[in-house]
Amino acid sequence: MRSTVAMTFTSALLAVVIPTAQAQIPIRDLQRDPGVSVSGEIRSVVGNEFILEDGTGQIIVDAGPRWHHQLNLRQGEKVTVVGEYDDYDFDAFSITRSNGEVIRIRNAGGPPPWAGGRGRRDRK
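Per mature numbering (1 follows the signal peptide of the UniProt record, and there is no 0), the sequence shown runs over residues -23 to -1, 1 to 101.
You may find that some hints are simply not true.
Listed next, with one range per pair, are the computed distances between beta-carbon atoms [claimed, not checked]: (1) Ser21 - Ile80: 17 to 23 angstroms; (2) Gly87 - Glu18: 27 to 33 angstroms; (3) Glu54 - Ala92: 26 to 32 angstroms; (4) Gly87 - Glu54: 25 to 31 angstroms; (5) Gly34 - Glu54: 26 to 32 angstroms; (6) Asn84 - Trp44: 16 to 22 angstroms; (7) Val79 - Ser21: 21 to 27 angstroms; (8) Gln47 - Gly77: 28 to 34 angstroms; (9) Gly93 - Thr33: 32 to 38 angstroms.
In case anyone wonders, no lab produced these hints; they're calculated from the structure. All of these numbers come straight from a predicted model, not from anything done at the bench. Think of the CB as a built atom: it goes at the ideal place given N, C-alpha and C, for glycine as much as any other residue.
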């Protein structure tokens, strides 16, 4: 009985102390990565943000401020979004509609063109 308790305790301790193996991605690959893509159906749209669902879950997609550009996306539309997960939402770089139309939002590298506010929109 004591050996069973000791083995159970040791196994539990090792499970906590020994980290699980995770796939390692070289930093150079991260720097080349233009973003990840997610596909699904738009569940709701508010301004330039929308909820995308893929059957495994939902995520809020942020496509930038309306004053920079206004999107015409509809609930029920199927899209593929390339972007990055950031602070509880998915920042879009581009959105591809089911008909192949690509909506360019921003480049993957550096700050978005709307950084700094409305007055900086057209500055280079």
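Hint-by-hint comparison with the structure:
1. One distance hint, 17 to 23 angstroms for the beta-carbon pair Ser21 and Ile80, holds here, with the actual separation near 18 angstroms.
2. In this structure the supplied range 27 to 33 angstroms holds for Gly87 paired with Glu18, their Cβ-Cβ distance being about 31 angstroms.
3. The hint said 26 to 32 angstroms for the Cβ distance between Glu54 and Ala92, and at roughly 28 angstroms that hint holds.
4. Here the CB-CB span from Gly87 to Glu54 is close to 29 angstroms, well matched to the stated 25 to 31 angstroms.
5. The given range of 26 to 32 angstroms is broken by Gly34 and Glu54, whose C-beta atoms sit roughly 18 angstroms from each other.
6. Roughly 19 angstroms separates the CB atoms of Asn84 and Trp44, a value that falls within the hinted 16 to 22 angstroms.
7. Distance hint check: the CB atoms of Val79 and Ser21 are about 22 angstroms apart, consistent with the given range 21 to 27 angstroms.
8. For the pair Gln47 and Gly77, the supplied restraint of 28 to 34 angstroms is violated, since their beta-carbon distance comes to about 21 angstroms.
9. Between Gly93 and Thr33 the Cβ separation comes to about 36 angstroms, which falls inside the hinted range of 32 to 38 angstroms.
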